[in-house]
Amino acid sequence: MTKDSSLQVPEEMRSQVAISNFRDLVTGALDGTYNWGRKNSIWPLMFGLACCGIEMICTAAGRFDMARFGMEIMRPSPRQADLMIVSGTVTKKMLPQIVRLYNQMPEPKYVMAMGACASGGGPFKEGYNVVAGIDKFLPVDVYVPGCPPTPQALLHGLMKMQEKIESQKLSEVRWYDDKDPVKAVPVPVLGPDLMDPRDFRKIKQGAKA
Amino acid sequence: MTEETMIASPSVLETRFPDAVKRDERAGYEGFIVEAKKLIEVATALRDEMGYDFLSSVTGVDYIEEDKMEVVYHFYRSTGGRSLVLAVQVPRKKAVVPSLVAVFPGADFQEREAWDLLGIKFEGHPDLRRILMWEGFAGFPLRKDWKEPFYVEDQKPFGNRWPGGEVHRIEDLNQYGKNVVYPKGFDNPQNWKYEEEDILYENLQKLANEGKGEFATDQVVVNLGPQHPSTHGVFRMAVVLDGETIAALKPVMGYLHRNHEKIGERNTYLHNMPFTDRLDYLSSMSNNWGYALAVEKLLGPKGTVTERAEYLRVIMAELTRISNHLWAVGFLLNDLGAFFTPSLYAIQERELILDIFEATAGARMMCNYFRFGGVSRDLPPGVLEKIKGLVNDRLPRKVDELDRYLTENEIVRSRTEGVGVLTPEDAIAYSAVGPVLRASGVPYDIRRADPYGIYDRFDFDVAVRYHGDVYDRYIIRIDEIRQSLRILQQAVKSIPEGSVLDKNPYNVRVPAGESYGRVEGPKGELGYYLVSDGKTNPYRYHVRAPSFINLTALEKMCVGQKVADVVVILGSIDIVLGEVDR
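Top line first, the protein sequences correspond to chains V and S. According to the numbering used here, the first sequence is numbered sequentially starting from 1. According to the numbering used here, the second sequence is numbered sequentially starting from 1.
If we strip away everything but chain V, and leave its shape as in the complex, we get (with noise of 0.2 Å):
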C-alpha cells in the first residue's frame, strides 16, 4: 500500500479497489522481478571469523548445498558481496576491519549475525577484547541462533533472509532515498580500549574523571 494519507482505504474496501496511483503501480510491479532476482542471486562475502565460519563453509559444502538457493558465490572481496554474514566472535581488534568492510560493500548490503558471539557476545561476552555483538556497530538484519548453529540452522536463516528481500519496497527502500543518502559507520579506534567515534565525548569525561 502507499504512504499517501489522501490514498486511504477502508479495510472492507481493500480488496475492491484498484490503486491508481502510478508510481506505485510501477514500482509494485517492479519490486515483484527485483526481488525475485536479488533474492536467489545473494552473493556473501567469504569471511569467516571462528568456529561458526566452519559451519558455513559446511553449508556450502555438498551435504547441505547453499547453492540450492542461489547463494553459492562466496566473495573474497567485499565491492562484490551483498550478504555479509558476522560468523563468529567479533573482536574489539578485527572490529575496525568488520565495519571497513561492510563500509565497502556496495548497496544494497545485508549483515547476518550467525551464532551467539555475533549476536550478543555468547560465552565469551565478558572477555575484555569481545564486542557483546555486532549490532553495536552494524544493522544487523538476521539473527542465526546456536553456537555454533547448525547448517540446517543457518540456511533457514538464509532463507529469512530471502523473506526479508522479498517484502522490501523498491519505493521505501534506503539506498534509493536521496533524502537521506546512507552514510558510512564510523570506523572504531583502537585506543587504551576500544572507542566508538560516536561515544567519543563520553570516553572525554570518562578519561578526565
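Among the hints, erroneous ones may be present.
What the hints assert, rightly or not - With a Cα cut of at most 27 Å, we get these calculated DSSO-like pairs of lysine-lysine:
#1 S/K398 to S/K493
#2 V/K183 to S/K193
#3 V/K202 to S/K193
#4 V/K202 to S/K147
#5 S/K193 to V/K136
#6 S/K147 to V/K204
#7 V/K125 to S/K262
#8 V/K160 to V/K136
#9 S/K22 to S/K93
#10 S/K206 to S/K193
#11 S/K147 to V/K136
#12 V/K204 to S/K193
#13 S/K184 to V/K202
#14 V/K204 to V/K136
#15 S/K22 to S/K38
#16 S/K262 to S/K147
#17 V/K136 to S/K262
#18 S/K297 to S/K503
#19 S/K37 to S/K93
Simulated from the structure, these hints should not be mistaken for laboratory data.
On the provided structure of chain V, position chain S as indicated by the hints.
This is chain S only, laid out in the frame that chain V set:
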C-alpha cells in the same frame, strides 16, 4: 598417573648449579626454582648437557598474595620422557626476566604473549611487542588486579545472573572510563595515534635489510589478511617483498583473541570444558582430553578414569584426528589453487564423523564430551556399529582414494616439493610440534613419547617423513589418518562394557598445586597448565596451543620463498585461529 618430573637423577641440576637452582618446596609443585640471573646459563646447560632440547611451554603466573610474578618453563627431551619444570620468580613491580629466545627460538611468541597479558618484561628479546592485544592497550589483562571495563566479579556464578538477584546487562556497568586507564594528558580520542603499524613496519624493514648494507633495493610491503581468503581465518601476515620473493615476514595475530585464560580463571573447573571446545574448533574432542588430563592429574586417585571411558576417549580423539586431517588436506589443496573440489571430498567424509559426534555428544562441533574421570555419556545404540563400519570399511577406502588423486599428482608435487623446508634442528629449536615436527624427521609423538590414557595398549607407528617440506607435511597427514584407523580398529574390537563415569562431575574439589596436561592433538602438543589454590576455580589456566607456537617457525619457512607459496606453507602448518589467539 604419577608425576615424575625427571628421568635423570633430579639432583643433577641442583649439584650443577648449587646456588642458582633449588627445588620447588610448595605443596603440589614439582619443578625447580631458578635465579633469574642464571636462567640463560641453566637453560643452555639443560639443552647442551642434559638433553632437554625442547622448550614446550613458557607462561607466567601472577601470585599477587606473595607479590611475585612467576615465569614457568616446561622442558622436554625430543627423544621422549617426562617434563622438567623451571620457575623463575621476580617481584611484581619489577617483573624482568632474561629472554630465552637466543637459546630456544621457540620462546619468541610465548614470551611476547607473557609480556602482552602479564606484563613480564623479557630482557634481550629481539622484538618484544604486544602480540594478542594491540599496542597502546591499557594494562596487562591477566594480572590479578586488572579489571576490564565490564568487570562484574572475580568468580562465577555472577551475582547479576542469579535468580532473585538484580539482573542488569554487563555492558551498562562501568561504561567508559571507570576501569580503563587512560594515559596522562589524554583528552581527545580523535587525536589518538595508533602506533602498532609503524613499529611493525619498522621492524620488518630492519629484518628485510639485514646484511644488505648499501645495496638495499626497493621493497614492497604487502599485508595478507586479516580478511583474506587464504589465511584460514582472521590471521594477518605482514610481508616485505623483494620482487616476488619474501624478504621478511611477521605474523600479526590477536584478531580472534577471546580471552580464554581470563574467562577460564573465573569459571569453575567444569565450566571450562565447553570453552576448550572452542579453542581448536575443528577438534574439540582432543581439546577436552588435554584439559581433563590436567585436572585429573591434580585430582590424583580421585580422577581415575573408568575403563570403558578410556576406550571411548581414544575412539573420539582418533576420529577427531581423522576429521581434522581430512579438513587440513582438503584446504591445503584449496590453497594450492584447486578451489573447493578436493575439500568437498574431504568434507564429505568429515560429515560422517560429525554424525557420530552428534549422536554421542549432542553437537557436531562443540562436543563438550569429556568429564573428569570419564566421559559425559555412553554411545547410543547402533553408533558403535556405525563407527565399526566407518573405520573398517569406508574410511580406509576413502583415504586411499584421496591418496590416489593427490599424492602422485604432478601439480601438487611441483608446487609443494622443496617448498617451505624446516630442518629437524630448526623444528626442535622453534618448538614445532605435531605433523610439522614429524614431517621434519623428528619422530616425536606424545602418544608414544609420554603416553597418556591407554595409548600404550595399542599397536601403531609414529608417522615420520624426512624432507620437512610442504609435500611431506601433506603426506604425513595421510599417514597419520592410516595410523589412527589402525588404533580405531583395535579400539572398537576390544572396547569393554561398563560405566563411563563413576563420580558426580560437578563440584570437583581440586587440591592445590600445579599441573600440566598435554595430549597429542591433531595439530600437535596441546598442553594445559593449571594452578589450583584449592578453590572452585583455577587460579591460573594457560593453554599451550600448538597452532600458535608452530607459527613461530613460519618466518623461517617463508623467507626466500615466492609470495604465492606463503599461502601454501601456512596451509601446511594447519592453523586454527581459535587456538592461535585463544
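Hint-by-hint comparison with the structure:
no.: 1; hint: S/K398 to S/K493; result: holds, 21 Å
no.: 2; hint: V/K183 to S/K193; result: holds, 25 Å
no.: 3; hint: V/K202 to S/K193; result: holds, 19 Å
no.: 4; hint: V/K202 to S/K147; result: holds, 20 Å
no.: 5; hint: S/K193 to V/K136; result: holds, 24 Å
no.: 6; hint: S/K147 to V/K204; result: holds, 20 Å
no.: 7; hint: V/K125 to S/K262; result: holds, 12 Å
no.: 8; hint: V/K160 to V/K136; result: holds, 21 Å
no.: 9; hint: S/K22 to S/K93; result: holds, 23 Å
no.: 10; hint: S/K206 to S/K193; result: holds, 22 Å
no.: 11; hint: S/K147 to V/K136; result: holds, 22 Å
no.: 12; hint: V/K204 to S/K193; result: holds, 15 Å
no.: 13; hint: S/K184 to V/K202; result: holds, 17 Å
no.: 14; hint: V/K204 to V/K136; result: holds, 20 Å
no.: 15; hint: S/K22 to S/K38; result: holds, 12 Å
no.: 16; hint: S/K262 to S/K147; result: holds, 10 Å
no.: 17; hint: V/K136 to S/K262; result: holds, 23 Å
no.: 18; hint: S/K297 to S/K503; result: holds, 16 Å
no.: 19; hint: S/K37 to S/K93; result: holds, 17 Å
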